[in-house]
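Novice: Following the hints, put chain S in place on chain E, whose structure we already have.
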Amino acid sequence: MILQPEDFWSFSQWLLRPGAFLESALLQGIAVAIFLMILGLLFGYLVSAVRYGPVEGFYAVARVVREFVTKDLPQMRLRRIGAMARLAIKEALRRKVLVVVGVFIVALLLAGWYLDPTSNDPGRLYVSFVLTATNYLLILLALLVSTFSIPQDIKSRTIYTIVTKPVNALEIVLGRILGFAAVGTMLLVPMGVASYFFVSRGLQHSHEVEEVEDRAGELRGSTSVELGHSHTFQLDEDGQGLTELQRGHRHLVTRSSDNEFTVGPAVGLLRGRQPIYGSLEFLDRNGNPADQGLNVGYEDIGGGYGAGGLARLMGRVNRRDVYQHGYVEGGALTAAIYSFGGLDPNQFTDGLPLELSLRAFRTVKGDIVTGVRGTLSVRNPETRAESQPLTFIVKEYEVDQQFIPVKLRGTAGDVVKDLDLFTDLVTSDGRTEIVVRCIDSGQYLGMTQADLYIRAGDSSFAWNLFKAYLDLWLQMLIVISFGVMFSTFLSGPVALIATAVAVLLGMAAEWVFELSASMTPGSRRNLGGGPIESLIRLLRQDAMTTDFDLSTVPRVIIQGIDRVTVYMLDAVATALPNLPKMNTSEFVANGMNIFGALVGRHATAAVCYLLLAVMVGYFFLKTREVAG
Amino acid sequence: MNLSGSTRRKLTYVLIIALLLVPLYYLGQPLEAASTEAGSGGRLAQLRARYDLSEGDLGDIDPASASMRLATLGMRGIAATMLWQKSHAYKRRQEWERFTATLNQIALLQPHYENVWEHQAHNLSYNVSVEFDDYTQRYDWVRRGLEYLMKGVRQNRKAPRLYWQTGWFFGHKIGRADEKVQFRDLFRKDDDFHTVLAGEGINIDSAEARGPDGRPDNWLVSRLWHNRGYDLVDGGVALRGKAPVPFYSAGPLSHISHSSAIETEGVLDERAKESWMRSDRDWNTFGERVVPTTWNTTVRLASLGDRVRRANELKTKFGEMIGDLPQKIYDERLALLTAEERQAIDTPEKDRTQEQTQIAQRVVAGLFPSYTEIARAMPPDQRLAALDLADRLARAEEEVMQVEAYRDQINYTYWEIRCAGEQDDDMIDARRLMYDAEQALKQANLDEAIKLFDQSWLKWAAIFKKYPILMVDVASEDLIDSLRRYQQVLDNDEFPDDFPLVEFIKTRTKYDADPDEFLRLQARQFEERQIRGKPEGAGPDNPPSNGAPESNSSPESSEPAESSDPVESAAETSEEAAAGAPASPSSPAEEQRVSEPNGEGSPEPK
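Chains E and S are the protein sequences, given in the same order. Take 3 as the starting number for the first sequence in the working numbering and just add one per residue. Take -4 as the starting number for the second sequence in the working numbering and just add one per residue.
Everything labelled a hint here was simulated from the structure, so no lab data went into it. Be careful, since some hints might not be right.
Said to hold, decoys possible - Sample of chain E residues lacking proximity to chain S, with all beta carbon distances greater than 12 angstroms (derived):
| hint | residue |
| --- | --- |
| 1 | 17 |
| 2 | 117 |
| 3 | 124 |
| 4 | 278 |
| 5 | 369 |
| 6 | 382 |
| 7 | 464 |
| 8 | 472 |
| 9 | 520 |
| 10 | 580 |
Said to hold, decoys possible - Quick list of the computed label-pair ranges, beta carbon to beta carbon:
| hint | chain 1 | residue 1 | chain 2 | residue 2 | range |
| --- | --- | --- | --- | --- | --- |
| 11 | S | 171 | E | 542 | 47 to 53 angstroms |
| 12 | S | 232 | E | 542 | 55 to 61 angstroms |
| 13 | E | 39 | S | 20 | 52 to 58 angstroms |
| 14 | S | 13 | E | 184 | 22 to 28 angstroms |
| 15 | E | 525 | S | 9 | 57 to 63 angstroms |
| 16 | E | 550 | S | 194 | 58 to 64 angstroms |
| 17 | S | 173 | E | 385 | 42 to 48 angstroms |
Quick reminder that beta carbons are idealized off the backbone N, C-alpha and C, glycines included.
Same shape as in the complex, but just chain S:
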């Protein structure tokens, strides 16, 4: 039979199309996620792997993703919306495999939308995993979420936030879950996952990733992921959608969590101490990092001590220059008040009417002169120098406030002290002795347990003397439990007055009644370490008078931001401001905090 020309052409076209499918397949086959062998995947995938090419400089080329987006013919948004709804339906019906498959399809359609990766990885690791009763299955799904997120990182190599999320998941989902003991153990033994991590560029075989048992630790892997994010930002990629302090602190905090976790697991020797030392180094490195602020300035969190010292020096100098001028200005202004205003500020706060309160707030703010106002009131020959000094002093205090504000975001002082305290030999000994005592107790060896407990208390007392803030540390919760068991063993309800941890018990009692005790301890600790230099033996025996630090300008003692009750702190601050008005004139920063005088009508000279 003769074929017509048209049929022959059509057959030729079909043949060409069929032949073209072969090179298309050869070119377009995606790289398998876990494969690091040369030659795996199509040609495009291999080129991408070799030359680190990225799709528009964003991330990995995935031919499957590109072809799927093309295939939607411009209706990618509709397709993605339908897939999202479908995924929700599968989740509701608990059809997990189809749910995962749908998430993979969503990722193919929206590979550069970071929220997709974060949201769905969270879905897998946090929401889906808990639906399973078997903890190994839960771990399996946590791992799937992690792999999903890592896939997102591959496709978005310039997204620091995704690195951060990955680090967060590794740390918190494995290390803070109710099943943290089991999950950490499963992760240690999950060699397949370690291979996957190695393929993602995480140096899983290095000492940086391995715990005391020589196996990878989830917290250390978390830290490595965070470090990759830091390298990216340091290399010039903008950090978007994440505040800098939580971003940069996560890595060192992962190291701290690792150190804490291994102690809980019974590693209470030189390895624990070394781990805390490395944590301390990490924390200090973080403290030295230059962090941009919302005031368009930069700060280093570790620079607070220097800034406070500088501000104090300037304040002393300014005080010497101005003499009792602030008091005079204050008196003059006070004399100009109307009777109504005078009555308002003289009335104790709790007895004021609403109108009197408003009057008092308005009036008090104007009574205390600012540095600049004081400088302007100086004699003409000294005025210029005074103005210059006033300006420098105001800026110095502003800087102190900025650093404090950023430190408060992650409780910087506390972690600094914790790292220092935990690497102390006394601390290691205290924990080890307590652990051994608990083991002896479990074996009903009461005499041995009592002996070990007694040794442990002495070590704890020494630590608390050096680092009082650790008395209210969450890690000392174990100490409370142990004390309780010690009491039961001795069959005593009360501790004797010479018990080594009497001060600890009193502090804990005070802390349980008033959580601000933590802030006061922290302030005291900071002052001792930063301003006066790290004291030896300083602690609860030498508290500052009236619970406030000696240096009036020690910002942490009067910093209202640290108080949990802004009204109370404002009142506290105003009392101190009123008490110290002449010698420590209000600065613009302090002006914001001043609200009311002590109600006695005149500031008390310091």
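Chain E extracted, bound-state conformation:
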């Protein structure tokens, strides 16, 4: 899993973006709110002006605003909201939404045919499957349930019954949203529980002991092959031992008094690692700081973050900030330096457990049998005392565990001596550096910021899965909010399409940003231009890499219109929620703990979208009420 820059931000960094306030979420949220308010008032005035004339229209809009501030908002009651929510729940249940759970259970039953438990990382496959299936089902449910409710009430005139209760528009909208969210929660809970048991039971396995031999008093053996792998193990004098790590897990092997061997269930198969990440910088071939590591020519993997907020719309940022693997060259002065801070000696009394997921790149075949070798050393950023290098052989595409002991040899002030990790190599405020180098000449080691971390501990898989489901719930809440909002002024099917478009456009925001960036003057990337230019190229079967073959005036006009169109599209897409970015299933699939900051950010964004949707929905419903 390659984490991108925005994944490392704390909540306050995301909200305020110190040093880049234009990209902050807070500014973006305020800008969107103000923009929507102005747009809404303008639009409302235009509609009212058409109906009642310019002066009356103004007063109609002013009346709506006054009623919101003086009547509807202060007189909002939780009891009435709850009643509306209950109504929404009953309505949804009447529409047999619980069948979604049945569909999900059937999907789980049949999933075993399509999922391969013998793959190298079955946990990732299983977790990805359950979370993706849940995600799709929930979003679909949210779309269908939320967009037809209010239009149905309006069509059947039951809305009049409700508003005369009296239930104001704000309570109607909020109640519906919360009601449908409750229905979604009723579905999500059994799906989550079923997923948990499906994953844990599906991957749980054990082995038989196949052979055991006594080597100089040590009992060593191997297990049978299950799910495409086996283990070797070594027992201590008490007849107990752990197998070696295979596919991210081990088993406990015990020998009973009557010489029977038993292999316990898998341990560590499903977990949530709690990493402490550091910052990463590289040294070039001369040993000087470099912007990034060496590029060995791998294709751009995509992804990344195109900068959000107003900075993007102001053209301050026009490229993605994406982490790709940087490489250090073997036998040269190149190195990668991970800088950590805030280390507490009380937390790591035995030493520092590190986990690495580095890549190797060979320019020569070399020694086929031995992997590419690297070294790790710990360095004090202030005194420059450094431990002796700890050699390792790279293990690609799996997590390699290394351990830095508390007592180790190293160099301090040109003297080689015994060092203490926290006394000599970590500063008083808990900062240290871990330096990674490659030993083998002509070979390279590749890494990103997230590829080396200190493992602070493990959170439980169940808790991690819960957080992932919480993110799914937040996504569902956003879709429901938008669905209800659109349904206040559109018919059911149209509201459904509008919500789907909003969701898809939000998903495509990064792509729209790339397109917009490619259309700026001086951009070297050509994606085929905007909508009109693309249409012309399609009809003429021109490749998108060729120049736009048109005479000057029409070309300038068309490209100008396209630039404005794409810019507006980018503005809208940026304002809309990007649901895939709220998806934290990758963390769970890769056994990494979902950061609390991430969940906090997603929750904040979801609540803000909810509030915006409620406000917009209220005003539209109020306008219809006034019109009625």
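Specialist: Then chain S, alone, in the frame of chain E:
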């Protein structure tokens, strides 16, 4: 609370559906790939296994595949396209597990599209495997590609090409990779994979699959896979998408590769000799196989000698019948040429203008009479017999050309001779002595090394005398390295004139300067073995005059297809044709090869 009728009905339906899920699961559970136990998998899968039922006679029934195709509701193509794009994205992002899972899904949607299995198996074994630094992981991914392909074979039992691909992968990906030493060793010890292979019907426990150490050998397993393909085609399944010669030669070549590999690994005794003998048998069996050609005829690659002999006999007979008639016809035609034409053909080739070249090409083709033309010019009482003989002679030469063309596709002669030479006791001894000498050298036992080398050179010299073509064999590259080390040990730059391998060194030098030397050696070897019978002691001491074989009609000596330079070969051929025009009149086959005379204006009588 009383339930209404409608609710009761609905509850009943739901209950029935839930109950039906149980037998559906019981029926539809797929058979596990590695499982050979009775009772594993659903009922359908068991029936398929027991009665060898196939989905439309194509391959195994896979309920997962069938249900997935149904579930796409007619949009299978779109789903498959999206999955292909997804797989490419995963490959680019190096997410291998998801990539594999996507490939499995693609296979479920397109189980009978052979290219899918071939392409993606190649992806796994060749492209994904090299992304891993650890060679055991690379082997693991090679194995995954092989398993993927075997799964394709299960689903497409009437697809000979997939069997061939599987055999190819087993042979070349394991046995020719840079890591071949490691991969072959891992394969030998991979008991789990052997179990899987046994489940696929490969007789892994038989002597046919086991190498000298008693463990399965990848090359022999490759050969078994190829044999299954051959059985399929022999049983009446059409071979599509694969030319017959490369298809049928792969199995015997796998056996040859096995024999070569075990010698490289140090097996230099009776086991190696027996392996080469079996390889020889395999190759001869292949040579006797009837192979369809693109001329709508069939050939046997081993029949070249017989065909050449027959053609020579007919040619001799025809020559006796026609006397000097060809020369007369030639002279008559030459006399009819215009001055310009005459000048064109008289001018040496290198001095001709473009126009003269075109004229010469046009004119020369018409100067030499064909067999039929000669026969028509015979006296009336002999004409009929001459025409008949001319026709038979032309067909005989055509057949020779066809067999040669197909033999050239896989260098048939070379492998035939190699198999014969390698099983020779002298060869085994030569290799063993050289190997032992190298070991002695590694242990710095120089006297012993020199003694063993000297013995080895004598054996090599004896082999090269019998099989000169082996002098330019890739296997003799080791000999060159050993000679170099021998020179270093003796601290000599030059070999003495009486050094046993002087001829080898000269030939290699000639070969390095001119790769056509290989063709000349091959032609000589063929003639000695096929036409005159296998000679004892024949070799470089008795070369044919001027480097060309004695029999003018020995096709391999004048066969332009074997020359690397068609212009040069055409000129060569035209010179020979011009030189031998009267006694060896041009045939339709030869007419195609004739381009220009020797520039002296008249053919020289043979």
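Novice: Now look at each hint and say whether the structure bears it out.
Specialist: Against the structure, the hints come out as follows:
In this structure residue 17 of chain E is separated from chain S by more than 12 angstroms, as the shortest Cβ-Cβ distance comes to about 30 angstroms. Against the 12 angstroms criterion, residue 117 of chain E falls within the reach of chain S, whose nearest CB is about 7 angstroms from its own CB. Not every beta carbon of chain S lies more than 12 angstroms from that of residue 124 of chain E, the smallest distance being close to 8 angstroms; the non-interface claim is violated. No beta-carbon of chain S comes within 12 angstroms of the beta-carbon of residue 278 of chain E; the shortest separation is about 25 angstroms.
A Cβ of chain S approaches the Cβ of residue 369 of chain E within 12 angstroms, the least distance being about 10 angstroms, so the stated non-interface status is violated. Remark: the non-interface label on residue 382 of chain E is consistent with the geometry, its nearest Cβ contact in chain S lying 32 angstroms away (cut-off 12 angstroms). Annotated as non-interface, residue 464 of chain E keeps its C-beta farther than 12 angstroms from every C-beta of chain S; the closest such distance is 23 angstroms. Residue-level check passed: residue 472 of chain E sits 24 angstroms from the nearest beta carbon of chain S, beyond 12 angstroms.
The beta carbon of residue 520 of chain E sits about 20 angstroms from the closest Cβ of chain S, which is more than 12 angstroms, so the claim that it is off the interface holds. Once the 12 angstroms rule is applied to beta carbons, residue 580 of chain E is consistent with being away from chain S; the minimum gap is 18 angstroms. A beta carbon spacing of about 48 angstroms between residue 171 of chain S and residue 542 of chain E agrees with the range 47 to 53 angstroms that was offered as a hint. For residue 232 of chain S and residue 542 of chain E, the hinted distance range of 55 to 61 angstroms is not satisfied, since their beta carbons lie about 48 angstroms from each other.
Remark: the range hint 52 to 58 angstroms for residue 39 of chain E to residue 20 of chain S is upheld by a beta-carbon distance near 56 angstroms. Between residue 13 of chain S and residue 184 of chain E, the C-beta spacing of about 26 angstroms keeps the proposed range 22 to 28 angstroms intact. The given range of 57 to 63 angstroms is respected by residue 525 of chain E and residue 9 of chain S, whose C-beta atoms sit roughly 58 angstroms from each other. Checked against the hint of 58 to 64 angstroms, the C-beta distance between residue 550 of chain E and residue 194 of chain S comes to roughly 59 angstroms, which is consistent with it.
At roughly 46 angstroms, the beta carbons of residue 173 of chain S and residue 385 of chain E sit within the given window of 42 to 48 angstroms.
The structure fails to meet hints 2, 3, 5, 12 from the earlier list, while all remaining hints are met.
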